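Protein chains: 2
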Amino acid sequence: MDIIIVGFGAIGKGVAKVLYEKREYLKKNFEEFRVVAITDSSGAAIDEDGLDLLKAIEVKEKTGKIKNYPEKGKEISSIDVIRNVDADVVVEVTPSNLETGEPAKTHILESFKNKKHVVTANKGPLALCYRELIEEAKKYNVIFRHEASVGGAMPIINLAKETLAGNEILSIRGILNGTTNYILTKMEKEGLDFETALKEAKELGIAETDPTQDIEGLDTAAKIVILANSIMGMNKTIKDVKVKGIKRITPEALFLANKRGYTIKLIGQIKDGYLIVEPMLVPIDSPLNVKGTLNVAMFETDLAKEVVVVGRGAGPIETASAILSDLIHIYQATKR
Amino acid sequence: MDIIIVGFGAIGKGVAKVLYEKREYLKKNFEEFRVVAITDSSGAAIDEDGLDLLKAIEVKEKTGKIKNYPEKGKEISSIDVIRNVDADVVVEVTPSNLETGEPAKTHILESFKNKKHVVTANKGPLALCYRELIEEAKKYNVIFRHEASVGGAMPIINLAKETLAGNEILSIRGILNGTTNYILTKMEKEGLDFETALKEAKELGIAETDPTQDIEGLDTAAKIVILANSIMGMNKTIKDVKVKGIKRITPEALFLANKRGYTIKLIGQIKDGYLIVEPMLVPIDSPLNVKGTLNVAMFETDLAKEVVVVGRGAGPIETASAILSDLIHIYQATKR
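Which chain is which? The protein sequence lines are A and B, in order. All letters in the first sequence, in the order written, are residues 1 to 336 by UniProt numbering. All letters in the second sequence, in the order written, are residues 1 to 336 by UniProt numbering.
Extracted from the complex, chain A is given alone in its bound form (with noise of 0.2 Å):
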């Protein structure tokens, strides 16, 4: 199977990892995934026969470009590559936006308009438009899957269409923010306030350098749109969404909630057709309090009853794995 890889920030870099790691496992259990190019905002790297993986990262890791690649790479943009290099699957892993969508948008519209599936952990064209995006592949016969784009290694969208099928899924509440929680975790356990928290966080590299979407609640709502509307068929954008975020939670507040039974945390809810994002008590005991940078989820359906699932929210090698299972479903459902 050949693939273009479009961003090759972190977690560009940790699909081309985990495929060069992987190599063995996938020629021998499917079939050669061959990375045929590789795009930044400098150029590409190009070659037909399978770039060599390992040379990427580096070029890209001591160049910050891509189209210093030795002989293959040139100046090229992505949407021409989209269209010109043959290719089964394009893995879109620009930076999110929020805003406009872009440049996801039009790299993931392009490659389903030149008959490439697409795989992305991209949140931005998935929370503005997603009908749009469902409609466009359908319209050309192509797949399209991003169980990356929301909770990172934590099984989530497909867990909830395939594993649960026949399931309807009635509520979905998590933590779907590994920041945020770092946050609250640290105020509550060192009753550290929310500014020191934030610090060390960032320190760590757990926040980012910008992480007003993290802790505002933005980052949760563009989440909880995508699964309302993959997993709930519902048609919402992220101004439909409720948000409220974290700045305001003091150590106080945690203590008095630990002292009856309760944590706070920063809940994304899907209930009754409403979309909220906003700090709310949990008790001490459910499987929603998860701890550190941890993700969760808990779907109520109608067969299955209460399902959670808990796992890794972020991470490059982590969002890699969400890919790679895309990847291998969208082979499994058109090559063997």
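Don't read these hints as lab results, they were simulated from the structure. One thing to keep in mind: the hints can contain errors.
[Said to hold, decoys possible] The calculated BS3-like cross-link candidates involving lysine-lysine, where the alpha carbons are at most 25 Å apart (straight line), are:
#	chain 1	residue 1	chain 2	residue 2
1	A	Lys115	A	Lys335
2	B	Lys17	A	Lys161
3	A	Lys305	B	Lys202
4	B	Lys335	A	Lys161
5	A	Lys139	B	Lys27
6	B	Lys55	B	Lys65
7	B	Lys335	A	Lys115
8	A	Lys335	B	Lys115
9	B	Lys335	A	Lys335
10	B	Lys17	A	Lys305
11	A	Lys28	B	Lys138
12	A	Lys161	B	Lys161
13	B	Lys161	A	Lys335
14	A	Lys28	A	Lys17
15	B	Lys22	A	Lys161
These numbers come from a predicted model, not from an experiment.
Following the hints, put chain B in place on chain A, whose structure we already have.
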């Protein structure tokens, strides 16, 4: 898709009920799922145009025998039905026998020979001769699924093999038996001794009349054999499991464990090639510390790292949920 239900106890009736309740959903999203035969030890009801599932349940509940289904009921063996009734899939849900695997083993092998896919909840043959079943299914080019055999509605086998596809599963630990979890939870919360808690579980219908297989850990042992073989590619049988039950756990032991921040759970685990079932200390804040009749499994994987899933391990509708997801998978893999 045409289905034969072999075995019409609680689970078989649960499958019939779910297929009845979901008939419109299935027709709309896939195609009509018709039950063309139902068998029990008395005989069978057969209708190639599809049985009236509500009537079948009613007849079974009133008379105890499916052969009494009006007009279409007759004395005929399950084997003859498997051989002679035209259908796509056999749902094998006779009672599990962990010593011989029969009659399920014969039913399953006979289905394969007659080019029928099989979905089962039956632990017996899976724990005793997994490889043989897999080889036979392969030989006859049919699909063999058994999500319901471990953890009821809790996604576990398909979760590991499909949602986490591409991951190597390094170890599995979990609570896979709801009866023992209920007993230990009761003993911990109310200070009851083992016998009293067991008696209560029996009165509530949570424990079976003969709960030996549950409390001695054999049920959990069968389940970890199934997981070792189906998820981790091993070739084990129930004789390879080191098993210790919960009979000797005292409320004092639970009290002391609690005082140190632990609880005691009957844990099944597969690690470094060893299969072990025994009561273990589990930290109070571990995700494995789930209460009541809940089941839980923790996978350690190479890419996604730790993934935990919690769900209902038993109940006819919950088990039927897992069977339905397998039926939908077979439909999608063979008919769409």
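Each hint tested on the structure:
1. A:Lys115 / A:Lys335: holds, 15 Å
2. B:Lys17 / A:Lys161: Given pair Lys17 of chain B, Lys161 of chain A holds - Cα atoms ~21 Å apart, limit 25 Å.
3. A:Lys305 / B:Lys202: holds, 23 Å
4. B:Lys335 / A:Lys161: Answer holds: Lys335 of chain B to Lys161 of chain A is near 18 Å, not above 25 Å.
5. A:Lys139 / B:Lys27: Satisfied, since the Cα-Cα distance of roughly 23 Å is no more than 25 Å.
6. B:Lys55 / B:Lys65: OK: Lys55 of chain B and Lys65 of chain B at ~12 Å, within 25 Å.
7. B:Lys335 / A:Lys115: Measuring from Cα to Cα gives roughly 23 Å; hence the hint holds.
8. A:Lys335 / B:Lys115: holds, 23 Å
9. B:Lys335 / A:Lys335: Roughly 16 Å between the alpha carbons, so the hint for Lys335 of chain B and Lys335 of chain A holds.
10. B:Lys17 / A:Lys305: holds, 16 Å
11. A:Lys28 / B:Lys138: At roughly 18 Å apart (the allowed maximum being 25 Å), Lys138 of chain B and Lys28 of chain A satisfy the hint.
12. A:Lys161 / B:Lys161: Given that 25 Å is the threshold and the Cα spacing comes to 15 Å, the pair holds.
13. B:Lys161 / A:Lys335: holds, 18 Å
14. A:Lys28 / A:Lys17: Distance ~18 Å between Lys28 of chain A and Lys17 of chain A Cα, so the pair holds.
15. B:Lys22 / A:Lys161: holds, 16 Å
The earlier numbered hints are all upheld by this structure, with none contradicted.
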